[in-house]
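> Residues per chain, in single letters:
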Amino acid sequence: MPEIRFGDHSLAVAEGASVLETLLSAQCEIPNNCRAGVCQACLMQLVEGEVEPPAQRGLKESWQAQGLFLACQCHPERDLEIRLPGVEAVRSVCSVSGHDRLSGDLLRLRLRPESEFHYRPGQYVTLWRDQALGRSYSLASVPALDGDELELHIRHYPQGRLSGWLYEQVRVGDRLQLQGPAGDCFYTGGDPEQPLLLAATGTGLAPLYGILRDALNQGHVGPIHLYHGALDPAGLYLHHELQGLATAHANLTYHPCSRNAAPGMDEAIQVACLDDLLGQEMGALQGWRVYLCGPGEFVKAQQRRCFLAGAGIQEIYADAFL
Amino acid sequence: MNNLYERLGGEPAVDAAVDIFYRKVLSDERVNEFFDGVDMEQQAAKQKGFLTMVFGGPHEYTGKDMREGHKHLVARGLNDTHVDVIIELLGATLQELGVGEADIAEVAGIAESVRDDVLNR
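Line by line, the protein sequences are chains A and B.
Counting from 1, position 166 in the first sequence corresponds to residue 166 in our numbering; the numbering is continuous, with no gaps.
Positions in the second sequence are counted from 1; adding 1000 to them yields our numbering.
Bound conformation, chain B alone (with noise of 0.2 Å):
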């Protein structure tokens, strides 16, 4: 399979990985600040449209989505330092689940990319 997604295990690996991935998160002190009294299903189901998209699945993010939906976070102090532990928090989640360090490293790379968009710059 050369589909980075199928690779991965598609939906079903997705869905197994939000748990894992929300659960660090707001266990790491260095971001869980942006998540509080955020309703935790509509999180949930963000997340799974983050990681279909990170995983290289069929996804509706854009540009514009990414960017008004983090406005208000760059307001109260969201930088590339948060960035950085979410992708890093993704790494955990993947090696967690037993995915090799080179598709790690292709997901982590799609992630780098909506970076700007994140920031909103």
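Looking at chain A on its own, in the form it has when it is part of the complex (with noise of 0.2 Å):
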């Protein structure tokens, strides 16, 4: 059986354990979110031996070659020692520039890194409350149109531990922890004649957002389609700023939808359910682009559909919350 050494601690790993729940399992406090390699929260460094490439999946090369992994993917076959890595090295410092609301409990947080901060529009960050306590939330910024801002759009869940902080308690001009930026779910250019599809329930608006303007702002040509679906119409909380951007563009078509809204009250709304309504409207993909954001359950519902829809495996971009 390895063993982890981490501080004063030689833990034993059981067999199909990962790193993180070794660590968890001993009481030890590692910072963690989502356990999926996906939010980065669980980064640890190694000090001696090494680890396999799934634990370092998605990481940037230079935190690879510092020895960083993420410790939820990391299933060791061999002895390790590792620690926690520095703050300074993978989070950053960012000042608040703007906090307001965007609709009922969606809240548009924009943030000013204080040092260089690159990132393509359509990836997430993670925020820090504290040394423990992070969430990740998509970019709905764009650089080349947002300058320095980043632009986040966060849902205050009322058991939140974090957007409720967000929300209530966090002013402009604090300063918060940044981390990342990681993802895979942005606009690549390439083919700008190539359709398009973006579908998102709820915030998952936000990296469409982001990765929609990228998209015209480098001259993409072929169709769009921009797909919203929210429970209440006022959940469709881009609407106007969308329905100006399919007025100055021709080839951006602006779908949004909603269960509950009453009929008749905006013609451009239609009352459906997004899942039946791409169904319906969106048969036949060979040869398309997508792009899905949302809940679980909803992207992978989707990403089926379209893949039997015609669309290629490698041409279907999914960004699941979790």
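Calculated directly from the structure, the hints in this document are not laboratory data.
Check each hint, because a few of them may be wrong.
[Said to hold, decoys possible] In silico DSBU-like links for lysine-lysine, alpha-carbon gap of 30 Å or less:
1) K1071(B) <-> K1024(B)
2) K60(A) <-> K1046(B)
3) K1064(B) <-> K1024(B)
4) K60(A) <-> K1048(B)
5) K1046(B) <-> K1024(B)
6) K1046(B) <-> K1071(B)
7) K60(A) <-> K1071(B)
8) K1048(B) <-> K1071(B)
9) K1024(B) <-> K300(A)
10) K300(A) <-> K1046(B)
11) K1048(B) <-> K1024(B)
12) K300(A) <-> K1048(B)
13) K1046(B) <-> K1064(B)
14) K1048(B) <-> K1064(B)
15) K60(A) <-> K300(A)
Got two chains here, each in a separate frame; can you build the complex from them with the hints?
Structure (structure tokens):
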């Protein structure tokens, strides 16, 4: 059985257990969140030993070179000595430059990183309240259009320890710890004439808003269909901005839908569930590129449907909220 | 070209086959229940490995991997009839790509050779 050395601890790794599970079961305090290799909250650093490639998947090269790895994705076969990386190595500081309500329980947070910050619209960052509590949010901003200001769309969950704090206590001027960016759901150019399908529910719209404006700004000329679904019409929180963009760009069609919309309230809004609407209207996707963002269930179901409708597996970019 | 993998077109042919094969598998009600809830990108990567192997290409599949990877499915009822369907869909994929009968038979033969490992017996 391989052994992990961490501080004063020497821990045997049970069969099939990850480094994170091993440390947590020994009451070690390790920051963590998604436990699926996505949020990168459980970053740790090798002192001695080697990890398998899956433990470093998605980490930037300079981090891999420093021996950083994801504790939740690491199933060691040999002994390891590890530590928590210094905060300054993986997190940067930003200040809150905008804090306003988009609609209902949705917050638009604008942040200015205090050091150079490179990202692709549609990637995500992790915001930290303290050493151990962090949550991931997608970037709706576009560097070429929004300068060095980052934009996040945050739903306030009543029991949410991070969203509640951001919503109720954080104010313009406050300084926050930021980690990232990460994720591979972004516009890559390549074929400017390729038809694009962008579909999101709820705040899954945030990354798509970034990807959409990035594609238009880079001169994408192929047809773009953006679907946004929300339970209530108030959840179509960028309705007017997106209508404006669709008016300005002939190749963009915006399809808002809401199951609870009153018929006739707004002709542009279809009274429908997004899954049903996509099945009816987007039945043949050979040659399309697809971006899907939102809750895991929605994203998984649509990923499968879009694949069976003809989109290549490599052409479907899925960003599921965990 | 004597080598089956080269004759079939190498890695580009595998890439073309993955989408067609995976789509057939997900659409076939005799086997698709075994693919519910899996991560599709990871699954596509695994299928690329599988197709490379049955095309006679360079691969890292071992009997042990095959056994480990299907253990949980055998527990859920995976049996010979499902393996038959997969080999059938593999043949249909190759037919769609214009591969000749003799080569399809050779691919099916390689797939057949891992049947016992897949079914953990």
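> Work down the list of hints and note, for each, if the structure agrees.
Each hint, compared with the structure:
At roughly 23 Å between alpha-carbon atoms, K1071(B) and K1024(B) fall within 30 Å of each other, so this suggested pair holds. For the suggested pair K60(A) and K1046(B), the alpha carbons sit about 24 Å apart, so the restraint of at most 30 Å is met. Taken as a hint, the K1064(B) and K1024(B) pair is honoured in the structure, with Cα atoms around 26 Å apart against an allowance of 30 Å. Among the hinted pairs, K60(A) with K1048(B) is consistent with the structure: their alpha-carbon atoms are about 25 Å apart, no more than 30 Å.
Taking the CA atoms of K1046(B) and K1024(B), the gap is about 16 Å. The hint holds against a cut of 30 Å. Distance hint between K1046(B) and K1071(B) is fulfilled; the C-alpha atoms sit about 15 Å from each other, no more than 30 Å. Distance hint between K60(A) and K1071(B) is unfulfilled; the C-alpha atoms sit about 34 Å from each other, more than 30 Å. Between K1048(B) and K1071(B) the CA atoms are separated by roughly 20 Å; this keeps the pair inside 30 Å, and the hint holds.
Distance restraint check for K1024(B) and K300(A): the Cα-Cα separation of roughly 18 Å lies within the 30 Å cut-off, and the hinted pair is therefore satisfied. Distance check on the hinted pair: K300(A) and K1046(B) sit about 18 Å apart at the alpha-carbon level, within 30 Å; holds. For a cut-off of 30 Å, the pair hint linking K1048(B) to K1024(B) stands: about 15 Å separates their Cα positions. Taking the CA atoms of K300(A) and K1048(B), the gap is about 20 Å. The hint holds against a cut of 30 Å.
Between K1046(B) and K1064(B) the alpha-carbon distance is near 15 Å, which keeps this suggested pair within the 30 Å criterion. As the CA atoms of K1048(B) and K1064(B) are separated by approximately 18 Å, the hinted pair is consistent with the 30 Å bound. The suggested pairing of K60(A) with K300(A) holds, with an alpha-carbon distance near 26 Å, which does not exceed 30 Å.
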